[in-house]
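*Asks:* Below are the chains, spelled out letter by letter.
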Amino acid sequence: DAGVIQSPRHEVTEMGQEVTLRCKPISGHDYLFWYRQTMMRGLELLIYFNNNVPIDDSGMPEDRFSAKMPNASFSTLKIQPSEPRDSAVYFCASSWGAGAGQVVRGYTFGSGTRLTVV
Amino acid sequence: GQNIDQPTEMTATEGAIVQINCTYQTSGFNGLFWYQQHAGEAPTFLSYNVLDGLEEKGRFSSFLSRSKGYSYLLLKELQMKDSASYLCAAYTGFQKLVFGTGTRLLVSP
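Those protein sequences? They're chains A and B, same order as listed. End of the first sequence sits at 118 in our numbering; the numbers just go up one at a time, nothing left out. End of the second sequence sits at 227 in our numbering; the numbers just go up one at a time, nothing left out.
Rather than coming from a laboratory, the hints here were simulated on the basis of the structure. Quantities reported herein were computed from a predicted structural model and do not represent experimental measurements. It cannot be assumed that every hint is accurate.
A partial selection of chain A residues facing chain B, derived with a Cβ cut-off under 10 Å [claimed, not checked]:
{"hint": "1", "residue": "6"}
{"hint": "2", "residue": "41"}
{"hint": "3", "residue": "87"}
{"hint": "4", "residue": "91"}
{"hint": "5", "residue": "109"}
{"hint": "6", "residue": "114"}
DEER-style ranges, computed between Cβ atoms [as the list claims (entries may be wrong)]:
{"hint": "7", "chain 1": "A", "residue 1": "9", "chain 2": "B", "residue 2": "169", "range": "35 to 41 Å"}
{"hint": "8", "chain 1": "B", "residue 1": "131", "chain 2": "A", "residue 2": "68", "range": "44 to 50 Å"}
{"hint": "9", "chain 1": "A", "residue 1": "71", "chain 2": "B", "residue 2": "135", "range": "46 to 52 Å"}
{"hint": "10", "chain 1": "A", "residue 1": "15", "chain 2": "B", "residue 2": "171", "range": "49 to 55 Å"}
Here are the simulated DMTMM-like pairs of lysine to aspartate or glutamate, each with C-alpha atoms no more than 25 Å apart in a straight line [what the hints assert, rightly or not]:
{"hint": "11", "chain 1": "B", "residue 1": "175", "chain 2": "A", "residue 2": "56"}
{"hint": "12", "chain 1": "A", "residue 1": "24", "chain 2": "A", "residue 2": "11"}
{"hint": "13", "chain 1": "A", "residue 1": "24", "chain 2": "A", "residue 2": "56"}
{"hint": "14", "chain 1": "B", "residue 1": "214", "chain 2": "A", "residue 2": "18"}
{"hint": "15", "chain 1": "B", "residue 1": "199", "chain 2": "B", "residue 2": "132"}
{"hint": "16", "chain 1": "A", "residue 1": "24", "chain 2": "A", "residue 2": "57"}
{"hint": "17", "chain 1": "B", "residue 1": "175", "chain 2": "B", "residue 2": "159"}
{"hint": "18", "chain 1": "B", "residue 1": "214", "chain 2": "A", "residue 2": "14"}
{"hint": "19", "chain 1": "B", "residue 1": "214", "chain 2": "B", "residue 2": "123"}
{"hint": "20", "chain 1": "A", "residue 1": "24", "chain 2": "B", "residue 2": "159"}
{"hint": "21", "chain 1": "B", "residue 1": "194", "chain 2": "B", "residue 2": "159"}
{"hint": "22", "chain 1": "B", "residue 1": "214", "chain 2": "A", "residue 2": "30"}
{"hint": "23", "chain 1": "A", "residue 1": "68", "chain 2": "A", "residue 2": "30"}
{"hint": "24", "chain 1": "B", "residue 1": "214", "chain 2": "A", "residue 2": "86"}
{"hint": "25", "chain 1": "B", "residue 1": "214", "chain 2": "A", "residue 2": "62"}
{"hint": "26", "chain 1": "A", "residue 1": "78", "chain 2": "B", "residue 2": "159"}
{"hint": "27", "chain 1": "B", "residue 1": "214", "chain 2": "A", "residue 2": "44"}
Ideal Cβ positions, reconstructed from N, Cα and C, are used throughout, including at glycine.
The following block holds chain A by itself, in its conformation from the complex:
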């Protein structure tokens, strides 16, 4: 299994530009999560999906952020327009949640996208 695949690994963009981050979860996993990591706030949950349906987007900072999951093997996180304070590492993670026992290993994280907005 190739694990959770994120692209790009690094993104440098100018303030005001649109940024799209991509994620391919592990095949068979029915949950997908988007997290943002900064030194000050650690890992923050932005949004998560179950069977491609958004379940909880209460962590999305504001309307500039949007996420989609058009099918079981692909998700995007879009920031438009981007701002310097959006600079962070964005992680995608997936898991399966057929029952309590399936949570035992938690999530599998992708390698992350380091976003720098200048």
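Guided by the hints, dock chain B onto chain A, whose structure is given.
*Replies:* Chain B in isolation, oriented as in the chain A frame:
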């Protein structure tokens, strides 16, 4: 509200034992995870405690007290490769993990 507290940084010597503490206050609690994260890499799973007590896995052990809202990760026979951040995360239900800001462990020779 959700609150996970852990020390920001710890230092230890190769071969020693170190204990990283975590206290949590969350709305809903179903278990406690520990993850390891090397610089520039993704977090990787270390342990999961649901019941009170100690879970041992090789050089690493994790303890949970649900009544006290407290957990610790114990690392024995420290190696240089153990230098990393250690993230405490509360499983609050519905597949959600709430993470602390992590403890950066520096192991010196």
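*Asks:* Please write out, lowest number first, the hints stated earlier that are contradicted by the structure.
*Replies:* 3, 11, 14, 18
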